[in-house]
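Residue numbers (this note's numbering), protein chains in the order written: chain A, 1 to 235; chain B, 1 to 176.
In case anyone wonders, no lab produced these hints; they're calculated from the structure.
There may be inaccurate statements among the hints.
[Claimed, not checked] Dumping the calculated EDC-like pairs for lysine to aspartate or glutamate here, alpha-carbon to alpha-carbon at most 20 Å:
1) Lys-13/A to Glu-46/B
2) Lys-13/A to Asp-29/B
3) Lys-13/A to Glu-145/B
4) Lys-13/A to Glu-114/B
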Amino acid sequence: MTNLHNIRNEAEKIRLRSAEKSAMRASIFGTPTPVVLHRSSYVFLSPRYLVPLFVVLVVFIGGGTTSAAQGALPGDLLYPVKVSINEKVEVALAPTPAAKAEVQVRLAERRVEEAQKLSSQGRLNKKTAKILSDDFDEHAAQAVALAGPEPQEQITTAASAEPQESSAPTQATMMFQATIEATTTEATTTLEQEKPSLKKSKDRRNVLRESLRIQSDILQELKTRASETELQNER
Amino acid sequence: MRDLEKTFNHAFESFSDELFRHASMRMKDRDRALELTQECFMKVWEYAQKGGEIRELRPFLYRTLRHLIIDEYRRKKPVSLEQMVEGDGDERSVEDLLPQDESNTLEAAIERFEGKRALAALQELPDAYREALSMRYIDGLSPREIGDIVGETENSVSVRIHRGLKKLKELLEHHD
Chain A
1 MTNLHNIRNE AEKIRLRSAE KSAMRASIFG TPTPVVLHRS SYVFLSPRYL
51 VPLFVVLVVF IGGGTTSAAQ GALPGDLLYP VKVSINEKVE VALAPTPAAK
101 AEVQVRLAER RVEEAQKLSS QGRLNKKTAK ILSDDFDEHA AQAVALAGPE
151 PQEQITTAAS AEPQESSAPT QATMMFQATI EATTTEATTT LEQEKPSLKK
201 SKDRRNVLRE SLRIQSDILQ ELKTRASETE LQNER
Chain B
1 MRDLEKTFNH AFESFSDELF RHASMRMKDR DRALELTQEC FMKVWEYAQK
51 GGEIRELRPF LYRTLRHLII DEYRRKKPVS LEQMVEGDGD ERSVEDLLPQ
101 DESNTLEAAI ERFEGKRALA ALQELPDAYR EALSMRYIDG LSPREIGDIV
151 GETENSVSVR IHRGLKKLKE LLEHHD
């Protein structure tokens with residue numbers, strides 16, 4: 001028996017993000033065990049080889065399918081193709097970590113667009129909204145990871161600047177902040193290398209921050225609206 | 001070999017979140033908590049691969065994590081080690097005589113506060129209390145299990161939990 005449910009429930013929210021978990025798993029088990037006694041001749045059938053092969057095949061042969069998938073929305077037949085192939089390829093094709101971070105930010109933004117489209121068609125339900133915002137978090141986390149470490153204080157100031165919503169401020173909002181920070185730090189570092197005016201980087205930073213905050217609000221609103229309509233439908 | 005990896009993989013799936021949670025309670029810095037969690041699993045996995053004997057994985061993982069956290073504290077601020085053991089040792093016998101259900105009263109008092117606030121207050125406690133309370137109430141370990149992990153008697157763990165609760169309650173009511 002354990003008491004203090006208030007604390008326990010709150011602490012339950014502290015979790016590894018799935019990207020973090022898989023990165024961790026990779027670094028723990030990733031180092032291949034030195035003892036490989038016997039290698040099956042069907043080794044090319046293992047997922048390790050099949051997945052890249054499949055991606056390559058799809059890129060070359062299935063160009064039609066993938067470009068058709070580009071406009072797919074959650075629930076569409078081709079949506080999985082879009083998310084798990086097109087977007088993975090997009091990330092893979094970005095040459096530098098900075099470019100990859102940029103792609104991740106763009107993918108995060110795309111989730112918001114999808115939520116908007118679905119909502120306008122009246123197809124956004126609670127479950128899809130959650131999937132989209134989780135996916136958003138994931139891309140944002142990736143972007144942060146790729147953009148490298150960022151100063152801690154910046155996040156906290158940004159987070160406290162954000163008006164506290166009555167409902168849980170949600171991870172999504174937090175991650176939006178992180179994304180903003182990641183993009184801005186990235187922007188500043190590249191800018192610093194080129195030694196431009198500080199003012200310019202600051203402007204860029206503010207523009208980014210503003211636009212992402214707006215996006216975050218949109219996603220939040222869509223999410224609440226989706227659960228509200230679902231509640232009404234239940235009645 | 002395969003079996004071992006399977007077992008360990010399963011352990012990773014089941015315990016990574018709670019160990020990370022525990023590390024987060026002790027470290028504050030999320031990235032550091034992540035690193036420690038990973039290091040903990042890597043160390044234990046290495047140990048297991050070398051044929052080291054592990055009777056029960058979960059306490060073993062907690063023990064390893066604990067050592068890593070202590071190392072971390074030691075490296076960062078040598079002073080805090082003293083804070084970690086602050087207050088314990090003296091007047092232990094008096095605490096032992098307290099009626100058992102006083103803990104329940106304290107728990108009930110803390111339970112009245114909102115989770116977010118209570119958790120934040122818990123993170124302000126000295127580490128020794130933070131450790132005991134998070135193991136007890138967040139990781140759901142019994143005082144005996146905690147004793148095994150930290151290498152102390154069940155009794156002194158209970159005392160620490162009790163004191164921690166008291167401090168936590170004071171902290172919460174003080175802020176009111």
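query = Is Lys-13/A close enough to Glu-46/B, meaning Cα to Cα at most 20 Å?
reply = violated (30 Å)
ask   = Is the hinted pair Lys-13/A and Glu-145/B satisfied, with a Cα-Cα distance of at most 20 Å?
value = Violated - the C-alpha atoms of Glu-145/B and Lys-13/A are around 24 Å apart, more than 20 Å.
inquiry  = Checking one constraint from the list: CA of Lys-13/A to CA of Asp-29/B, max 20 Å. Satisfied?
reply    = holds (16 Å)
Pair hint outcome, Lys-13/A versus Glu-114/B [Cα-Cα no greater than 20 Å] = Roughly 14 Å between the alpha carbons, so the hint for Lys-13/A and Glu-114/B holds.
Hints 1, 3 from the list above are not met by this structure, while the remaining hints are.
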